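Novice: Listed below, chain by chain, are the residues.
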Amino acid sequence: MAEAVEYKQIGTRPIRPDGVDKVTGRAQFGADMVLPNMIHGQVLRSPHAHAIIKSIDLSAALVMDGVYAAICGADFEPFVDSDLSRNIMARDKALYHGHAVAAVAATSLTIATAALEAITVEYEVLAPILDVVEAMDKNSPLVNDNNYTKLPEKPEKPSNIANIGKLERGNVEQGFERADIIVEREYIVPMAHQGYIEPHACTANIDETGRGSVWCCTQGHFDFRTATAKLLGKDLADLKFIASEIGGGFGGKTVVYLEPLAVMLSEKAGRPVRMKMTREEVFRATGPTSGTVTRVKVGLQNDGTITAAQTWSAFEAGAFEGAPHMPGIMSIYAPYEIENFVVEAFDVLVNKPKVAAYRAPGAPQTMHAFECALDEAAIALDMDPLDLRLVNAADEGTQAPYGPKFPPIGFKACIEAAKNHPNYKMPVPDGAGRGVSAGFWFNVGMQSSAEVNVNENGTVMVIEGSPDIGGSRASMALMAAETLGIEYENVRTQVGDTESTGFCNVTGGSRTTFATGMAVVQACEDVIGECKKRAAMTWAVDEDQVEWKDGSAVPGPGVNADVKPLSLAELARKAGKTGGPIQGRASVNAQGAGASFSINFADLRVDRDTGKVEVLNYTAIQDAGKAIHPAYVEGQMQGGAAQGIGWALNEEYVYDKNGVMENAGFLDYRIPVASDLPMIDTHIVEVPNPSHPYGVRGVGETPIVAPLAVCSNAVSRCLGQRLTNLPLSPPNILEAID
Amino acid sequence: MATVVLPDNFSALTNGERELSTKAQTYRELVAELILRWPQLEDLLDKTAVAIDGQIYQEAFLEEIGADSEVFFMARIEGG
Numbered sequence: 001m002a003e004a005v006e007y008k009q010i011g012t013r014p015i016r017p018d019g020v021d022k023v024t025g026r027a028q029f030g031a032d033m034v035l036p037n038m039i040h041g042q043v044l045r046s047p048h049a050h051a052i053i054k055s056i057d058l059s060a061a062l063v064m065d066g067v068y069a070a071i072c073g074a075d076f077e078p079f080v081d082s083d084l085s086r087n088i089m090a091r092d093k094a095l096y097h098g099h100a101v102a103a104v105a106a107t108s109l110t111i112a113t114a115a116l117e118a119i120t121v122e123y124e125v126l127a128p129i130l131d132v133v134e135a136m137d138k139n140s141p142l143v144n145d146n147n148y149t150k151l152p153e154k155p156e157k158p159s160n161i162a163n164i165g166k167l168e169r170g171n172v173e174q175g176f177e178r179a180d181i182i183v184e185r186e187y188i189v190p191m192a193h194q195g196y197i198e199p200h201a202c203t204a205n206i207d208e209t210g211r212g213s214v215w216c217c218t219q220g221h222f223d224f225r226t227a228t229a230k231l232l233g234k235d236l237a238d239l240k241f242i243a244s245e246i247g248g249g250f251g252g253k254t255v256v257y258l259e260p261l262a263v264m265l266s267e268k269a270g271r272p273v274r275m276k277m278t279r280e281e282v283f284r285a286t287g288p289t290s291g292t293v294t295r296v297k298v299g300l301q302n303d304g305t306i307t308a309a310q311t312w313s314a315f316e317a318g319a320f321e322g323a324p325h326m327p328g329i330m331s332i333y334a335p336y337e338i339e340n341f342v343v344e345a346f347d348v349l350v351n352k353p354k355v356a357a358y359r360a361p362g363a364p365q366t367m368h369a370f371e372c373a374l375d376e377a378a379i380a381l382d383m384d385p386l387d388l389r390l391v392n393a394a395d396e397g398t399q400a401p402y403g404p405k406f407p408p409i410g411f412k413a414c415i416e417a418a419k420n421h422p423n424y425k426m427p428v429p430d431g432a433g434r435g436v437s438a439g440f441w442f443n444v445g446m447q448s449s450a451e452v453n454v455n456e457n458g459t460v461m462v463i464e465g466s467p468d469i470g471g472s473r474a475s476m477a478l479m480a481a482e483t484l485g486i487e488y489e490n491v492r493t494q495v496g497d498t499e500s501t502g503f504c505n506v507t508g509g510s511r512t513t514f515a516t517g518m519a520v521v522q523a524c525e526d527v528i529g530e531c532k533k534r535a536a537m538t539w540a541v542d543e544d545q546v547e548w549k550d551g552s553a554v555p556g557p558g559v560n561a562d563v564k565p566l567s568l569a570e571l572a573r574k575a576g577k578t579g580g581p582i583q584g585r586a587s588v589n590a591q592g593a594g595a596s597f598s599i600n601f602a603d604l605r606v607d608r609d610t611g612k613v614e615v616l617n618y619t620a621i622q623d624a625g626k627a628i629h630p631a632y633v634e635g636q637m638q639g640g641a642a643q644g645i646g647w648a649l650n651e652e653y654v655y656d657k658n659g660v661m662e663n664a665g666f667l668d669y670r671i672p673v674a675s676d677l678p679m680i681d682t683h684i685v686e687v688p689n690p691s692h693p694y695g696v697r698g699v700g701e702t703p704i705v706a707p708l709a710v711c712s713n714a715v716s717r718c719l720g721q722r723l724t725n726l727p728l729s730p731p732n733i734l735e736a737i738d
Numbered sequence: 001m002a003t004v005v006l007p008d009n010f011s012a013l014t015n016g017e018r019e020l021s022t023k024a025q026t027y028r029e030l031v032a033e034l035i036l037r038w039p040q041l042e043d044l045l046d047k048t049a050v051a052i053d054g055q056i057y058q059e060a061f062l063e064e065i066g067a068d069s070e071v072f073f074m075a076r077i078e079g080g
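Residue numbers (the numbering used here), protein chains in the order written: chain V, 1 to 738; chain D, 1 to 80.
Incorrect hints may appear among the rest.
Stated by the list, open to error - Just a few of them, taken from the derived set where beta-carbon distance is under 8 Å, the chain V residues facing chain D:
no.	residue
1	F250
2	A360
3	P361
4	G403
5	K405
6	P407
7	W441
8	V444
9	G445
10	G508
11	G509
12	S510
13	W539
14	V588
15	N589
16	G592
Since the hints were derived computationally from the structure, they do not count as laboratory data.
All figures in this text were calculated on a predicted structure; none of them were measured in a lab.
Virtual Cβ for every residue (Gly too), placed ideally from N, Cα, C.
When you get a sec, could you build the whole thing from the sequences and use the hints?
Specialist: Right under this line is the structure:
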């Protein structure tokens, strides 16, 4: 059971070990790998959002000087046929504008581009299906003629609805009968991209036996190896994947796009092949998150008690199933104890890119709707929005809407922290509106491995397999230092490749500090056990007579008092005499991830002449369990808030009637820049997760959940008019208030 | 007897039964019991997370189930 205790290393704020390399340009990202004889891969993408591919002729490209290889869907047919395979390379149908239909490798990008132009593709263009609600109509044209809604009994007819999820409890009708007020609205959240700064890139170097290495920017090189091997019918042991530094992922780099193409091209060409996407390709062909239409009905009594809630939500899946509808419906009511509820969501195919995970996938969309409805209820009941949430707040023992009872959680602590925060006690600035919202994410554990090697001078090398996106190398070093009882400066952390460390699942789901951290702690405990054994050998006593304290083996009760402690450095120096190098290792399938709740609030002002929204201040409060490196936790909270504000105020995929995205670049797809935002104030609540040795919950997902409703609620209060559709961009606001 | 709650998407395969009691002492025993009763659940169970007394397991195996335990099957969570 983790307890609130004083730590020497954990909770400190050392400078990030990768910081200098990143700001000086020394850090090696996905596109930075250069190998002798390397050539360049390029992808030909569909100019149509929905079209039958009648034929593809690569021959003209293949005979060009400097072209070493060209591939298309037919090259993948001998291997597994799956949605993932058909997403990275179209077969008989192009399913979204930008869908890959062929690829080439050539000695220069110029030649590769010319080779793409030489490829002939004959299309039969079909009308794109772009509207999620229209796509659900039984008479809608189909994105995929072979898609049948996954029901226990296969439906007679195919449909654009791939999956349906539902949760319910109690009696909703009776609950609404007990309500004093009912709020009922439809809310729209647009499709949005993760917006990582580094486009996808990789370099594959495959030899004539089909074996080789892939250097790529990824959130999980082990999972990328598995996927690539499966898609190409390879033994995964023949592929070594090396994670480069990564310029953001947010869930979008948990799936392969280029890597299998680069491996196939490299194998055919007999040369290393580097591939990198342009920003336009990133927008058109890599996973955004789902746009949604959500209908909420919530009933409350005059004291703010929620008596019933009912939600219907349609999620855009893109061209293949896999929208985050289930986490969306499992999240929507999670912060609250609600006796009667039902929530139903649909995973719907449309002719847009296949969605991928994006921080807390599904939760921002559904929780935006419910948190906006609660804000409207608070206004109707003349209640402070925090008080309304406190009346209904989930606590330890509350039965979560998805089933189990919550262990210790920090939602009430977040609300209390918000109520006492100086920014909340401050009057709302003139002409502005204040928005409040809760946030939530489950967090996950999954599999991780770690090795700890003690160098001969007592410094320590931690090797683990979780790509460092949010500062995990520093967090791992802090946990290792704390466990071993040594200084942070004496620990180095390295992200190993797939051949140099044990399996790790992706860095995602807010799992790395929790799960990989757990592996690192256990590996350090393994080292301590070995050190105690070596000390016992040195002192000629039993192992159980040796204790570990402040980085040294110390004699326990019953051992000659003259025996002097042996530090880790001393034990390491003499390791040759006591059995060789000191090493610890651990592998875990970490269970017991602790849910993380948040409260965010902000003051926003709307210029009624231009429709521009100004964020005057923004405060994010979140339960981290235990902040291993508080600056990184604050960074996660600030980054998630910035992304959520961007999604709320400006970000959206704008399609023309042909299904062509019209804003596939950062000039037109407007993510917030520093000048758009105030300093995001943060407050870390620490209610330790009892399942982690240091109380860690994981913090990366939750921060993006609340900002959507915070902005909606603030703008609606500012205008005195409920706005339900995001983004709250100037044209949309002007249209709404006209 | 421990209480077991099945998710909505199991209903059609269990003739609408969502809640049952079990004497199973481990997750493995519980799964065997469920598959014996409803063989068609096997694939779904393999893709489903489970919460035992509030602790969520993405991939459970030999976890203990107590006489008063509450067991909820639920969709697996990953994340970004």
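Novice: For each hint, tell me whether it holds in the structure or not.
Specialist: Verification of the hints:
This hint holds: F250 of chain V has a C-beta 5 Å from the nearest C-beta of chain D, less than the 8 Å allowed. For A360 of chain V, the interface hint holds, the least distance from its beta-carbon to any beta-carbon of chain D being 7 Å, beneath 8 Å. Interface hint at P361 of chain V: satisfied, since its Cβ lies 6 Å from the closest Cβ of chain D, which is below the 8 Å cut-off. A hinted interface residue such as G403 of chain V counts as satisfied when its beta carbon comes closer than 8 Å to some beta carbon of chain D; here the least separation is about 3 Å, so the hint holds.
A hinted interface residue such as K405 of chain V counts as satisfied when its beta carbon comes closer than 8 Å to some beta carbon of chain D; here the least separation is about 5 Å, so the hint holds. For P407 of chain V, the interface hint holds, the least distance from its beta-carbon to any beta-carbon of chain D being 5 Å, beneath 8 Å. Taking 8 Å as the C-beta cut-off, the interface hint given for W441 of chain V holds, the closest approach to chain D being about 7 Å. About 5 Å separates the beta-carbon of V444 of chain V from the nearest beta-carbon of chain D, less than 8 Å, and the hint is met.
A distance limit of 8 Å between C-beta atoms decides the matter here; for G445 of chain V the minimum to chain D is near 7 Å, and the interface restraint holds. This hint holds: G508 of chain V has a C-beta 5 Å from the nearest C-beta of chain D, less than the 8 Å allowed. Below 8 Å, beta-carbon pairs count as interface contacts, and G509 of chain V has one with chain D at about 3 Å; its hint therefore holds. Proximity of S510 of chain V to chain D holds as hinted, the smallest CB-CB distance being about 6 Å (cut-off 8 Å).
Because the smallest distance between the Cβ of W539 of chain V and any Cβ of chain D comes to about 39 Å, over 8 Å, the interface hint for this residue is violated. Using the Cβ-Cβ criterion of 8 Å, the hint placing V588 of chain V at the interface with chain D is not satisfied: the shortest such distance is roughly 12 Å. Checking N589 of chain V against chain D by beta carbon gives a least distance of about 6 Å; that is within 8 Å, so the hint holds. Nearest Cβ of chain D to the Cβ of G592 of chain V: about 5 Å, under the 8 Å cut. The hint holds.
Hints 13, 14 from the earlier list are contradicted by this structure; the remaining hints agree with it.
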